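Residue numbers (my numbering), protein chains in the order written: chain A, 1 to 110; chain Y, 111 to 229.
Where hints are given, some of them may not hold.
Unchecked claim - Simulated crosslink set (BS3-like; lysine-lysine; CA at most 30 Å straight-line): (1) Lys68(A) x Lys44(A); (2) Lys44(A) x Lys173(Y); (3) Lys68(A) x Lys55(A); (4) Lys44(A) x Lys122(Y); (5) Lys133(Y) x Lys122(Y); (6) Lys55(A) x Lys44(A); (7) Lys173(Y) x Lys47(A); (8) Lys133(Y) x Lys55(A); (9) Lys47(A) x Lys197(Y); (10) Lys47(A) x Lys122(Y).
Calculated from the structure, these hints are not laboratory results. Given the structure is predicted, the values throughout are model-derived calculations rather than measurements.
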Amino acid sequence: QSALTQSPSASGSPGQSVTISCTGTSSDIGRYNFVSWYQQHQGKVPKLIIFEVTKRPSEVPDRFSGSKSGNTASLTVSGLQTEDDADYYCSSFAGNNNWVFGGGTKLTVL
Amino acid sequence: QVHLVQSGAELKRPGSSVKVSCKTSGYIFTQYYMHWVRQAPGQGLEWMGWINPNSGGAHYAQKFQGWVTMTGDTSSDTAYMELTSLKFDDTAVYYCARGSLLNDAFDVWGQGTMVTVSS
Numbered sequence: 001q002s003a004l005t006q007s008p009s010a011s012g013s014p015g016q017s018v019t020i021s022c023t024g025t026s027s028d029i030g031r032y033n034f035v036s037w038y039q040q041h042q043g044k045v046p047k048l049i050i051f052e053v054t055k056r057p058s059e060v061p062d063r064f065s066g067s068k069s070g071n072t073a074s075l076t077v078s079g080l081q082t083e084d085d086a087d088y089y090c091s092s093f094a095g096n097n098n099w100v101f102g103g104g105t106k107l108t109v110l
Numbered sequence: 111q112v113h114l115v116q117s118g119a120e121l122k123r124p125g126s127s128v129k130v131s132c133k134t135s136g137y138i139f140t141q142y143y144m145h146w147v148r149q150a151p152g153q154g155l156e157w158m159g160w161i162n163p164n165s166g167g168a169h170y171a172q173k174f175q176g177w178v179t180m181t182g183d184t185s186s187d188t189a190y191m192e193l194t195s196l197k198f199d200d201t202a203v204y205y206c207a208r209g210s211l212l213n214d215a216f217d218v219w220g221q222g223t224m225v226t227v228s229s
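Make a model of the complete structure from these sequences and hints.
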């Protein structure tokens, strides 16, 4: 299975909104609502921030939201804060007991 | 709280094997799948496979089939990942990550184990 496609970088100023996209195929994102997103600060462990396309763990701020259209999933971060400066990875169930990650997007808060 | 505590860093020679452990606590080990994910230096996340601690069944990404083995020890609530025939590009941080209740996301992660393959 091939990796999901993410833009390598994104940026925004504090208070702004930014959207990160994740493109797969009709065999993964397009077929299943099992898309999740992970935040990873430099040198730290990945953290789940979105699961099942749109759901947030209770401890994740509602500034983070997820959506999906066709074969593309998106993560929107509203009201950017400096602590949102991190790498973001999407993941999807890909059928046949397989999962796949995107290549990651480095979000810079200017 | 749920905790996943992994074994320490390893330095291995090419062609050798490594076995990484992931000690769990704070939940019922047999009720959740355990996944393994690796991250080469400066690179993204790569899913390797999962183990079902209840049945012992496992499934590996096609890339790793034949040279990775994932197991679980229900007496110690510990998951293991063994990688054989190590190559230089197996140098990476290896994470265990618990599958969520529906096993559709990775909700808790271990701290990572750095495996360095060097001659």
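Structure versus earlier hints, numbers of those that do not hold, lowest first: none
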